[in-house]
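J.: As a plain string of letters, each chain reads:
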Amino acid sequence: QAGLTQPPSVSKGLRQTATLTCTGNSDNVGGQGAAWLQQRQGHPPKLLSYRNNNRPSGISDRFSASRSGNTASLTITGLQPEDEADYYCSAWDGGLSGWVFGGGTHLTVL
Amino acid sequence: QVQLVESGGGVVQSGRSLRLSCAASGFNFRTYVMHWVRQAPGKGLEWVGFIWSDGTNAFYADSVEGRFTISKDNSKNTLYLQMNSLRAEDTAVYYCAREPEGGHNDMDVWGQGTTVTVSS
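These protein sequences, in sequence, are chains A and B. Going by the working numbering, the first sequence opens with residue 309, and the numbers climb by one from there. Going by the working numbering, the second sequence opens with residue 1194, and the numbers climb by one from there.
Keep in mind the hints are simulated off the structure, nothing from the lab. You may find that some hints are simply not true.
Claimed, not checked - Computed cross-link-like contacts, EDC-like style, restricted to lysine to aspartate or glutamate with a CA-CA straight-line distance of at most 16 Å:
1) A:K354 <-> A:E392
2) A:K354 <-> B:D1247
3) A:K320 <-> A:E390
4) A:K320 <-> A:E392
5) A:K354 <-> B:E1292
6) B:K1269 <-> B:E1239
7) A:K354 <-> A:E390
8) B:K1236 <-> B:E1292
9) A:K354 <-> B:E1239
Stated by the list, open to error - Examples of chain B residues toward chain A, derived with CB under 7 Å:
10) A1233
11) L1238
12) W1240
13) A1254
14) E1258
15) T1271
16) Y1273
17) D1301
18) W1303
19) G1306
Unchecked claim - Just a sample of chain A residues kept apart from chain B, beta carbon distances all over 12 Å, derived:
20) Q314
21) N333
22) D335
23) H351
24) R359
25) S372
26) S376
27) D394
28) V417
Backbone N, C-alpha and C define an ideal beta-carbon position, used for all residues, glycine too.
Generate coordinates for the entire structure from the input sequences, incorporating the hints supplied.
T.: Written as structure tokens, this is what we have:
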């Protein structure tokens, strides 16, 4: 299964804003959007944003998602040390009839 | 509270079989599609497959099609992953995750994972 494309790493300073991207095609991201997951070291993934860009209950409003065409974005404002983690996007791929993930972006908070 | 707990991982020789379980609690298991997702050491997430909420149909990634079988016992609130003909590249942490039925939903709760190591 072909995956979604994410930059391997992003570094930003404390209290700055980071924007992570996830690029797919019309069968996946461009079709139904992408969900975003956070995975801290040694922990399972946690859903941050649904494919419709809404946040699950309990997720900080510092996290916001959007989509333009075949590219989804996750913006994290007011970066905190605990935001340092791996971030994955995921989407249903109608062409493959399966789910695909991005390779993940490691966010470093300086 | 909502919880998914995987078990059954371990070290197994290449070519052998292993069955993983995922025990669900705190929600109506019958109304959820269930997924298996794996993560090889130091790598990203890879979708393995999912099963319909009623357990009647399952769908798989190409990498495991024909070797892995997902089943769901709604009477026991338990999801299973039967893994046959294991290969070294199947070494990973295996997570189960739930998705509300109805389509256009997402994997909103994940278990802690269970580790499978395939030795040659």
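J.: Please verify that hint: T1271 (chain B), Cβ, nearest Cβ of chain A, below 7 Å or not.
T.: At about 18 Å, which exceeds the 7 Å cut-off, the nearest Cβ of chain A leaves the hint on T1271 (chain B) violated.
J.: Against chain A, run the beta carbon of D1301 (chain B) and see if the smallest gap drops under 7 Å.
T.: 5 Å, holds
J.: Hey, does the L1238 (chain B) contact hint survive, CB to chain A under 7 Å?
T.: Where the cut-off is 7 Å and the nearest Cβ of chain A is about 4 Å from L1238 (chain B), the hint holds.
J.: Does the no-contact call for H351 (chain A) survive, Cβ to all of chain B over 12 Å?
T.: With a cut-off of 12 Å, H351 (chain A) comes too close to chain B, as the shortest Cβ separation is near 8 Å.
J.: Need the status of pair K320 (chain A), E392 (chain A): alpha-carbon distance at most 16 Å?
T.: 10 Å, holds
J.: According to the definition I'm using, a residue is off the interface if its beta carbon is farther than 12 Å from all beta carbons of the partner; does R359 (chain A) meet that for chain B?
T.: 6 Å, violated
J.: Keeping to a limit of 16 Å between CA atoms, is the pair of K320 (chain A) and E390 (chain A) held or broken?
T.: Given that 16 Å is the threshold and the Cα spacing comes to 13 Å, the pair holds.
J.: Is the hinted pair K354 (chain A) and D1247 (chain B) satisfied, with a Cα-Cα distance of at most 16 Å?
T.: With a Cα-Cα distance of about 25 Å, the restraint between K354 (chain A) and D1247 (chain B) is violated, given a limit of 16 Å.
J.: Does the CB of A1254 (chain B) sit less than 7 Å away from some CB of chain A?
T.: With a minimum Cβ separation of about 6 Å from chain A (threshold 7 Å), the hint on A1254 (chain B) holds.
J.: Is the shortest C-beta separation between W1240 (chain B) and chain A less than 7 Å?
T.: 4 Å, holds
J.: Mind verifying the non-interface call on S376 (chain A)? Its CB should be farther than 12 Å from each CB in chain B.
T.: 19 Å, holds
J.: Over 12 Å from every CB of chain B: does N333 (chain A) meet that, or does the non-interface label fail?
T.: 17 Å, holds
Hints 2, 6, 8, 10, 14, 15, 16, 20, 23, 24, 27 from the list above are not met by this structure, while the remaining hints are.
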